[in-house]
Amino acid sequence: MSETVRRYFEAFNAGDVPAMLGCLDPDVEHHVNEGRVRVGKTAFAEFCAHMSHCYAERLTEMVIFEAEDGTRAAAEYVVEGRYLATDEGLPEAHGQTYRLPAGSFFSLRDGRITRVVTYYNLADWIRQVA
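Per the UniProt record's numbering: the sequence shown = residues 1 to 130.
Honestly, the hints are just simulated from the structure, not real lab data.
We put the CB at the ideal spot given by N, CA and C, even for glycine.
Where hints are given, some of them may not hold.
Estimated spans, in silico, between C-beta atoms of each pair [unchecked claim]: (1) G70 x I126: 32 to 42 Å; (2) V63 x D110: 17 to 27 Å; (3) G22 x R58: 16 to 26 Å; (4) R127 x T71: 31 to 41 Å; (5) A49 x R99: 17 to 27 Å.
Please put together the full structure from these sequences, using the hints given.
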């Protein structure tokens with residue numbers, strides 16, 4: 001199953017949202033660091049469109065971990081990004097760059113991701129772009 005997670009992150013770094021969606025269960029639960037849980041591929045795609053508008057990001061230093069039974073995985077990485085457009089409730093964007101440690105947790109079933117949880121230090125990000 002970690003191959004599914006690997007493909008998901010490769011698609012992220014390529015900016016290939018359709019390939020990311022291909023890794024997801026139709027009823028995927030997407031838990032973001034700050035905000036509500038989104039359910040389903042449509043909500044996930046809308047989130048990705050918003051993120052692509054506001055941020056240009058690449059994930060580096062990726063380490064993927066997998067539970068022995070293949071039903072869960074986790075990843076630790078560094079987000080290297082540029083803040084492109086002001087996101088609601090956050091500092092004004094003017095092309096600031098940032099480098100932020102982050103992690104994701106996954107639930108998997110039948111070769112698909114059923115849950116994505118992402119964590120990062122929002123205060124650190126704000127400090128870097130303010």
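Results for each hint:
no.	hint	result
1	G70 x I126: 32 to 42 Å	holds, 37 Å
2	V63 x D110: 17 to 27 Å	holds, 25 Å
3	G22 x R58: 16 to 26 Å	holds, 20 Å
4	R127 x T71: 31 to 41 Å	holds, 36 Å
5	A49 x R99: 17 to 27 Å	holds, 24 Å
Checked against the numbered hints listed earlier, the structure breaks none of them; every hint is satisfied.
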